[in-house]
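Based on the sequences and whatever the hints tell you, model everything.
Chains A and B are the protein sequences, given in the same order. According to our numbering, the residues represented by the first sequence are 571 to 802, in order. According to our numbering, the residues represented by the second sequence are 4 to 487, in order.
In short, the hints are calculated from the structure, not lab data. Hints may be right or wrong, so weigh each one.
Unchecked claim - Straight-line C-alpha distance at most 25 angstroms; calculated DSS-like pairs for lysine-lysine: (1) A:599 with B:32; (2) B:348 with B:475; (3) A:599 with B:380; (4) B:347 with A:599; (5) B:304 with B:436.
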Amino acid sequence: MRRCLHAYAGRVGYAEAADLQERCARLLKDGGRVERLLLLEHPPVITLGRNARSADVLHDEATLESLGVAVHETNRGGQVTYHGPGQLVGYPILDLSPDRRDVARYLRDLEEVLIRTLSQFGVTAGRAPGLTGVWVGAEKIASLGVHLSRWVTTHGFALNVNTDLSRFGLIVPCGLRGAAVTSMQRLLGRALPLEEVAAAIVPVFGEVFGREMAPASPPVAPVAAPALTEVA
Amino acid sequence: MRVDVIMPQMGESIAEGTLTRWLKKPGDKVARDEPIFEISTDKVDAEIPSPAAGTLVDIKVQEGQTVPINVVVAQIETEAGAAAGAGKAAAQPEAAKTAPAAPASAAKQPPSAAAKPAAPAGGGSDGRDRAPQAAAPAAPPAPSAWTAGASTGGEIPKASSLAGSGATVDDLRRVRSSPVVRKIAQEHQVDISRLAGTGVSGRVTKKDILAAIEGGAATAARASGAPDRPASPIPAAAAAPRSAAPAPVYAPGQRSSVVPMTAMRRKIAEHMVASRRTSAHVTTVFEVDMSRVMRLREEHKQAFQERHGVKLTPTPFMVRAAVEALKAFPEINASIEGDNVVYKKDMNIGIAVALDWGLIVPVLKHADDLSLSGIAKAVTDLAERARTKKLSPDDVQGGTFTITNPGIYGSLFGTPIISQPQVAILGVGVIEKRVVVVQDAIGIRPMVFLALSFDHRLIDGAVADQFMAHIKATLEQGKFAEIV
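So this is what it looks like as structure tokens:
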């Protein structure tokens, strides 16, 4: 079974995380075998995927800056989204070759990981036909956006655990006007430590993707970079 | 030579893709595998690598356009120097350059073959490709060279003539039918454009075409083989006998019939002789009691199938046993280059798959990293893609050791020929119950002969036999703990 290192990295800047992902992906593309699941949260940031429309960001950059929200263009698929404190972001750096070379399957598998994890916390979530993401009723609790290069994945999912949902008002999330977002905190009536949700995701991820999950050493570094780029 | 760049298929259910961004401009030089454009499907953005080294010419699809998979989006003009590429490629004649520019045969050559500068242009498996062959290279061809022909007709059909704006609906329908469907159509001489497709965007599916054939739409007698009989990965014991080549046709008064070899046949022939000339072949044979493996298989086959979605065959056990032995005897997982021995860290196991139209050896990469179920799934996937001609050039390269299965039709053991530049190949005979002596009593046990052909230049008999004893011990006593 392929090994997948995982780590919860705490709060990591968007650009820093993008760079880290790029380096991990490079290792895989250069023939390395160790895959990684990077779990973290970002400081407030609006990111524009490849299909983003500028009209979906509802404020100018100066206003966003005054609110402490950065804006980043990225190479992930999808449109506009918001990341911020209280949201658990997962970046699986996997090689989908040879047996999982199917983007639709990959998205459905990511959704499956989140749906199963949420059920462990008593949240019944599911899919909405034609709308990638994880939904609770008509409200979206997790978004996906993926980049592939030679079947090596970067970017991934963002699960609202204790996210300040009012921040989604700054944008038209995923280009879906009027789509409501929700969080585990709102559904459960209490805040959960991100680390606890991250720990719950890891075994489910291993199960769905058929990976042997192993903690990156040192187990949990405050900054993930050295831990995850160490070639195991 | 111009190589087509096509909209790739990013998944089973995905029929089209949107080209979001060109990373290169016409006139830009590109390296093979260098990302040249980006596409997006749903929430996924992907960089698409160039199938060949050369210059990007003729962009046919603009940013923002959505096109069906397999449509040509651009062309790469390859250069003699660039195409000759690195390493062994230099020794390989590049038949493609000397091939007559016959549109009919060119259309049968998918970019997947063209993407491999190391390989002479592999023709279609229909044998129509008769690109002139240069003299055999001094060095034996790498396995990739001879298996390349087999990867033709692969997942990426050429569609250059159909990509222009003048394409008709029928043309598009043909573009949108899968290679399997087109092969079936060709075998049965069915005109796809006359069928009503039930697939995505009127695509003619395999079901459609089989229904049409059953319904008598075929204008010719059926070809000798059923169109989709599965290829058999090793020990698929119950495989039906494979149909021979079509019966030869004799002209009146003639006592013989001359038929040119297919491209694949030619590659196999060249490789076999080159390998014999290169290695000092010796074969050693061991008999192994398969009781333990067969019992484990029996106990777990149902749970295994339910959990992993693939059948539990003896194959993964064989692969696992071979990998364990390779770890203990690294000189078997090696090759000879000049006066040097090159030890290979990766254990990439070639699995010979018999096809109706020949033989191909897809490679199970990093087999030492895989669990028993991982091996089972990967082997099933490779065999399936070999059968449907969806192997990519990468799938048949980089093998470090090979397992073949002459037992599939009942052979006790064979003396296989080494796949160069490897130094050993394991042949698995038929697994059958035999009378054996068990603790001085007569017993009935499922037994198998395993034959190892090895290159005596590098491997001494003692090492080969210890390697085989290791395999035997694993199969007879191994725990295979992760099976459940």
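Hint check results:
no.: 1; hint: A:599 with B:32; in the structure: 22 angstroms, holds
no.: 2; hint: B:348 with B:475; in the structure: 23 angstroms, holds
no.: 3; hint: A:599 with B:380; in the structure: 22 angstroms, holds
no.: 4; hint: B:347 with A:599; in the structure: 19 angstroms, holds
no.: 5; hint: B:304 with B:436; in the structure: 20 angstroms, holds
Of the numbered hints stated above, none is contradicted by the structure.
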